[in-house]
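Please model the complete structure; the sequences and the hints are all you need to start from.
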Amino acid sequence: MIQPPVGRRWLTLVLVSVFCITGVSLQPAQTSAQQGGQLIIYSGRREPLIVPVIDLFKKATGIQITLKSGEDQALANLVLQEQPNPIGDVYLTVDSGLLEFLRIKGVLQTYTSDAIKKIPERFRAADGSWVGASGRGRAMMYNTNLVKPEELPKSVFEIIDSKWKGKVSMDNLRKESTLAWITSMRLAKGAAFTQNFVLKLKENQVIFLDGGPEVRKAVGRGQVALGLLNHYHYNIELRDNKSPVGVHYPDQGPTDVGILVNAAGAAIVKGAKHVAEARKFLDFLVSAEAQKIFAELNYEWPLLPGVATAEGVRPLDSLKQTPVSLDKLGQELQNTLDFLDAIGF
Amino acid sequence: MSSKAALFDSPKKIRPGFVPWLLLIFSALVALALAAPMLFIVYQGLTADPSIWQRLWRLGRLQTLFINTFILTLIVTTGTLFLGVALAWLTERTNVPGKRWWTPLLSLPLLIPGYLLAIAYESFWSRWGLLAEVLTSWGMNDIAAIVPSITGLLGASIVLILSLYPYVYLLARAALRGVNTALEDTARTCGLNPRKFFWFMTLPLIRPSLVAAALLVAVMTMADYAVVARMGFPTFTNAVYSQLTTRLDRSTASVLSLALIVATVLLIMFQLYLWGKGRHYYRTSRQPIAPEASSSRGLMLILIVVLSAFLLPVGIFLYWMVQGWLHPTQANAIWGTGLADLLRFAWHGLLSAGSAATLALALALPMAYLSVRYRDRKFSRGFAWLSQAGLALPGVLVALGLALVLHRTLPELYFSVAALVIAYLILFFPFAFQTLESGLTQIPQSLEEAARMLRQKTVSVWRHVTLPLLVPGLMTAWVFVFTNALRELPATLLLRPPGFDTLPVRIWIAAGEGYLTQAAPAALLLIALSLPLLFLLDPVRTESKRTK
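Protein chains in written order, with our numbering: chain A, 1 to 345; chain B, 1 to 548.
These aren't lab readings, by the way, just hints derived from the structure by calculation.
No residue lacks a Cβ here, since even glycine has one placed at the ideal position from N, Cα and C.
Please note that a few of the clues may not be correct.
[Stated by the list, open to error] Pulled from the structure, derived: some chain A residues nowhere near chain B, Cβ distances all over 12 Å: (1) 106; (2) 162; (3) 165; (4) 175; (5) 197; (6) 222; (7) 235; (8) 242; (9) 312.
[Said to hold, decoys possible] Each pair of labels, with its calculated beta carbon distance range: (10) A:276 x B:531: 45 to 53 Å; (11) B:329 x A:200: 38 to 46 Å; (12) B:300 x A:172: 39 to 47 Å; (13) B:32 x A:334: 31 to 39 Å.
Printed below as a string of structure tokens:
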């Protein structure tokens, strides 16, 4: 008889293997056991800004929440792909254009409640497919050491002037909030005007960075004089880094286009497995409690009338806004992508 | 019936012409399953609307991506070869001071995945980075103002060279040890000066190892998503990822992927051709060779590499972690820097990586056996080749391919832990297979045959003869697949089920949002969990010494 020279290491290996395989096979069982009070949220919002809201919701309702954070467009893709067997229940995004895009694709379900009806009509889908939760405007932030307030461009279209060459920074054009802005420009000013403007951006050495926070930091530390970004970045930069920065809202004259105000919002996916919980969550997003978090923590504009804007943020109704409806942003999204492709951006 | 006849009739002996059908079918299924995602991508890419090709060409995207990928791969391969060979030479053939300590220290960068190095460097360099901050606090404002930022091609090259050179270093070092010193002694006696001696004697002798190392580095560079993403230098893999995440259709991603697969396969074929041409067989001689006198420049090089590839990144993460402890913010809770959260992320990784490693062994063992013991049978080598698809597929493409396949066949598996494990299997199966294959080749077939002559059943032969001899190979393969799966980033980002974040995913997202203090604890834990990789390098060597 041959004695097996099988060592203890071999035994360990086998044990670890068995252990791991059981672990994986148990994993799905665990999730299905918790069905009852749970909700799966796909969120394109930055985690620090949405987790406090989710925590509050968990505390209030006892519903288990699984959060999958990622890039807005990637998650929108996911919602589309998952349609035969949806996993995500709620889709949260910073761009209502994407919500409308998903509505047109027919992957959302409608839900309207008394709470949701309190949100102004222009910030939610007419058929109740999605609802806006907080407002954000395209503003300018400048470094006060580098620019005097009187030198600021009256209109955003002046940044292609040679005077601003290499001094302006903005988000990558393919990011959802910038895409929405390009769409609004195409609709308000026409394709030829937009094409000229976008091409001149490159010529004028505008510095494209990856995301609003990068632009904010670049302006804060004086890397560039001027940044195009969402309005709340100004307040965040002041609070977190106490940088010498100012905020400026361009295009406010009587003949100007105004600034684009987009809504970050949410929708329930068609075929979602936790509809009751998802509805509760949407109601919670538009409740005074959650609206206050959006306003105070992230300096966004609360969309529920009666909730105060945070200190240091200019009230929404004092601003002239680009007259482009939010559902147009979704309808035109694909066209804007094709437009950028065609001009080689 | 005489006992002699029974002995020769024994069906357990490997007979010429005998085809182990069960093994063959098993291998065919595994190989096809592992290659399916790649085949799907190729199919999707070939059948895509030709206008996509035209658009990409007109926009200059294909050309730019091709040039970028090519230049980066060239620089990184050359750089790692130079650095790896120079360091191997210094530690093996010169009397550089502190020689004993340098080998383990120079292997330490293996613990740090490229994306961690990229994240650390990004936060350290530049006018607004950590270094400039420290300099300013010491009153050296002028120097702080000229700290360069490390981005783009330069940044990607530096980071990839520093994180990939250990592969070249270890292979070159092993090759230098294996070279027959008698050859070199003869050359020296004939009066070759040290420089000529290196170029004309040593380098050609270790060339097969270098070609293998260069292939590994080149493929890893082409497959990299994370480093080039952080450094803002778009390559094919990176472009596929952004197509997947920003465009609302998959055909463009498939087209780009197809181009990348073709490029990788061409590269592998070219290197195999080189490798085959330059193979040398020599008998090792353990005669110690007289070490060259080392210059202080050699020591400087070693110090700079150890500092910049290991000590600096670890130091940077330690700094950020301490910062996070000293100034706790609300973000800590959100990013899960607490011990319980970190352990949960680590547990997810251990679970999926452990399953992948075990499954990889279970699948690779029969296939390796077929490929080694029935080398001359039809198909057996073909399946072995097919199962290596993961070598040509970056994690991003595996995720894309798997998404395509699972959608059509098993939609329930999509975004499950199982899908993640399958992705790891596809990516790292080739390494398990190759390790086991070479392990089996070293076990003489006569041992198995002897056991069979002693009337042991096939299973018994396996259990008592083959497996015990294969234990070192199994351990190596398991640890290798496990650590690599634990550190895998892009496929995990794209395929993880909701709520199943792993350490790399948390680090990547937190760092991407600029929360370095919150990324640091997870990064350090990940580095610590990679420690078995070093253990793997050493025991194997001592093991082989022991058997001699």
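*Minimum Cβ-Cβ distance from residue 235 of chain A to chain B exceeds 12 Å*: 16 Å, holds
*Whether the CB-CB distance between residue 32 of chain B and residue 334 of chain A falls inside 31 to 39 Å*: 37 Å, holds
_For the hint 45 to 53 Å, verify it against the beta carbon of residue 276 of chain A and that of residue 531 of chain B._
For residue 276 of chain A and residue 531 of chain B the Cβ distance comes to about 47 Å; the hint holds.
*In terms of Cβ atoms, is chain B entirely out of 12 Å range of residue 162 of chain A?*
Holds: least Cβ distance 26 Å, greater than 12 Å.
_Check on residue 165 of chain A being off the interface with chain B, judged by Cβ distance over 12 Å_ = Correct as stated: the minimum Cβ-Cβ distance to chain B is 21 Å, above 12 Å.
*Return holds or violated for the Cβ distance of residue 300 of chain B and residue 172 of chain A against the range 39 to 47 Å.*
With a Cβ separation near 41 Å, residue 300 of chain B and residue 172 of chain A satisfy 39 to 47 Å, so the hint holds.
*asked:* Over 12 Å from every CB of chain B: does residue 175 of chain A meet that, or does the non-interface label fail?
replied: Violated, because the least Cβ-Cβ distance between residue 175 of chain A and chain B comes to about 8 Å, which does not exceed 12 Å.
_Check on residue 222 of chain A being off the interface with chain B, judged by Cβ distance over 12 Å_ = 9 Å, violated
*Claimed clearance of chain B by residue 242 of chain A, with the beta carbon kept past 12 Å*: 15 Å, holds
*Checking the smallest CB distance to chain B, is residue 197 of chain A really beyond 12 Å?*
Holds: least Cβ distance 20 Å, greater than 12 Å.
_12 Å cut-off, C-beta based - residue 312 of chain A kept clear of every residue in chain B_ = 19 Å, holds
*Okay, residue 329 of chain B versus residue 200 of chain A on CB: inside 38 to 46 Å?*
41 Å, holds
Hint check: violations occur at hints 4 and 6; the rest are consistent with the structure.
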